[in-house]
Amino acid sequence: MYKIALNYIFNVKRRLVREEDGLALTEYLILLALLTGAVVGSVLAFGDTLDAGWSTWSTWLEGLPEPDPIVDGGGTTDGGTTDGGTTDGGTTDGGTTDGGTTAG
1 MYKIALNYIF NVKRRLVREE DGLALTEYLI LLALLTGAVV GSVLAFGDTL
51 DAGWSTWSTW LEGLPEPDPI VDGGGTTDGG TTDGGTTDGG TTDGGTTDGG
101 TTAG
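Heads up: the sequence shown begins at 1 in this note's numbering, then just goes up one per residue.
The hints are simulated quantities; they were obtained by calculation from the structure and are not laboratory data. For every residue, glycine included, the Cβ atom is placed at its ideal position computed from N, Cα and C. Hints are not guaranteed to be accurate.
Distance ranges between label pairs, derived from CB positions [claimed, not checked]:
#, residue 1, residue 2, range
1, I30, W57, 51 to 57 Å
2, I4, L29, 51 to 57 Å
3, A45, R18, 37 to 43 Å
4, Y8, G41, 28 to 34 Å
5, A33, K3, 43 to 49 Å
6, I30, A52, 33 to 39 Å
7, L34, P65, 45 to 51 Å
Throw the hints in and build the complete structure from the sequences for me.
Here's what the structure looks like:
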């Protein structure tokens with residue numbers, strides 16, 4: 001079984017060397033290996049520094065106060081109601097708005 005697998009690998013290698021497509025594929029595989037090595041090397045070299053930076057940023061973000069809600073669920077906005085009542089002194093459901101009348 002080992003011989004069969006080894007022969008297959010050598011045959012594939014020979015075909016790749018003889019054909020131009022194989023050369024292009026080999027070049028791309030070498031390029032991929034170099035890029036992968038560069039990424040792994042970068043992560044190993046800068047991993048601790050990046051981890052410390054992310055931890056600092058996370059701590060800062062968790063320390064921020066929670067913002068006020070945009071709408072408080074009570075149905076009112078700036079003193080007026082939004083459910084058929086008044087807004088800025090007039091009604092919005094067929095009545096007047098800011099002293100004028102609306103078609104209704």
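Comparing the hints with the structure gives:
| no. | hint | in the structure |
| --- | --- | --- |
| 1 | I30 / W57: 51 to 57 Å | 37 Å, violated |
| 2 | I4 / L29: 51 to 57 Å | 23 Å, violated |
| 3 | A45 / R18: 37 to 43 Å | 40 Å, holds |
| 4 | Y8 / G41: 28 to 34 Å | 33 Å, holds |
| 5 | A33 / K3: 43 to 49 Å | 27 Å, violated |
| 6 | I30 / A52: 33 to 39 Å | 34 Å, holds |
| 7 | L34 / P65: 45 to 51 Å | 48 Å, holds |
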